[in-house]
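**Q** Single-letter residue listing:
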Amino acid sequence: MKKPLVSLRDASTGYFSDIVLKNVDFDVYPNDFIGVIGPNGGGKTTLIKAILGVLPLFKGKISFPAGKPEMGYLPQISQVDKTFPITVRDLVASGLKAKSNWFPQLNKSQKQQVSAMLEEAGLSRLASKPIGELSGGQFQKSFLCRALINQPSLLILDEPNTFVDKAFEQELYRWLKTLNEKMAIILVSHDIGTISPLVKSIACVNINLHYHPSNQLTEEILKVYNCPVDIIAHGPVPHRVLKEHDI
Amino acid sequence: MSEFFSILEYTFFQNALLAAVLTSILAAMVGTYIVSRKIVFITGGITHASFGGIGMAYFFGLNPILGAAVFAVISATGIEWISWRGKVREDSAIAIFWSLGMALGIIFVFMTPGYTPNLMSFLFGSILSVGKAELYLLLGFCIILGLFFLIYFRPVVYTAFDPEFAQIMGVPVAFFRFAMAVIIALSIVISIRSVGIILVLSLFTVPQITAMLFTRDFAKIIPLAGFFGILGSLAGLFSSYYYDIPSGAAIIFFLTLQYLLLRGFVLTRDSLKRTTN
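If you read the sequences in order, they're chains L and U.
Reminder that position 15 of the first sequence reads as 15 in this note's numbering, one-by-one numbering, no gaps.
Reminder that position 148 of the second sequence reads as 148 in this note's numbering, one-by-one numbering, no gaps.
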């Protein structure tokens, strides 16, 4: 068995004195594709912030048994200031670490890396555009490039399918399938219908975390896991529709 | 025309010109950060809080600029700290610093026996009386700040744009936030001499929003804002001399006029483009 990239043991965390996640055990292995679902306010985003290291744990332990992995992160679009004067190129470049902290400039090969990434994603034409002039899909794509440019072994996406058109959503899912051959992916979504055929396993977060090692979810399992989920179903991805249920 | 430029022979006017140019460059760098991060209101709070320091310095017979600097830095880092902790609403915190600073300033000025010289120059600015020492201070600060921005441009911009992501990328976010808070405070205090407490805020915002009519790239806003800042300041300075009006008010008037004219130009250009397409 491979070592996990990230391992949470009996972890509790939250904001100030509010505990949002309690006694969570969670392992992410290389090549995992985990869908994180759960109700709004259930702690989905809190979970990934703990993994990313921006939220300290109140209790429990986080470890990286195979060494601290490079992590790529795509935040929720609503948390981003779209009017900020930053170009697509600079945005993508912000996903690269400079070699020196004292003189944090990018070197030539890193700048080429940014250009290559933009080229690969078909964003070269938009490189000098400010992010405020992008469409929803272009916006997400640029942020995904920022997450990918550091060649992460763990990619974490928070609701990547909001505010994008259906065509881009399909492109995104195809992209993620290919990426999953090279890296583990954690995909947070309130929309279990669309992500369920895509992911390999599901983590249901609602204060506690219940891990389900397959993408087949039945209403009964959700009930057992105490995981009320908003079900929004839309095609043309094969999807299941589950009824909403009470806690 | 030669008569027009004859005032350039006077040292006081040369000093004023240099002060206007240097202040514009300073404001271009710091103001772009302020406008981009949408912390104009915070900057207003810091500016007015610094009046408390001026009043206190008068009362104790100290250098008013030094007093203003201490108050500005304390309020800037205080506001940043409060918004960092997130427990108090940031705008309420700003209002407290804003009004408390002004109140303290008024109380101390009132308690100071006799005449308080130059008080009006701090409120409304008096660029025509800037001395050599102040010019060197401005120049030194401009150079240090320019180097800081050149070297740390990436972390400064990324921390302003998406602090959480910057933190994940290993940027010392807290350091850059507080460093910028101190830089904002000191830049404001140094610029007070040119346009005064009441008007200084516009020096840090109007050239920037003028530049943003033409570009939405942080790195390009700075030089463009510097250019518009210098242009407006010089227009204000010359007219303040020839029409004998207060320099600070004249500078702000021309900066705003410039913005309105260019905005009108951009709007007309865009609507013409739409009709021809």
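No lab work stands behind these hints: they were computed from the structure.
One thing to keep in mind: the hints can contain errors.
[What the hints assert, rightly or not] Examples of chain U residues toward chain L, derived with CB under 10 Å:
hint: 1; residue: T32
hint: 2; residue: V171
hint: 3; residue: I221
Glycine included, every Cβ here is placed at the ideal spot set by N, Cα and C.
**Q** Could you run down the list of hints and mark each one as holding or not?
**A** Hints and how they fare:
1. With its C-beta approaching chain L no nearer than about 8 Å, T32 (chain U) sits inside the 10 Å limit, and its interface hint holds.
2. A least Cβ separation of about 8 Å between V171 (chain U) and chain L falls short of the 10 Å threshold, and the interface hint therefore holds.
3. Hint status for I221 (chain U): holds, given a least beta-carbon distance of 6 Å to chain L, under 10 Å.
Of the hints listed earlier, there is not a single one the structure fails to meet.
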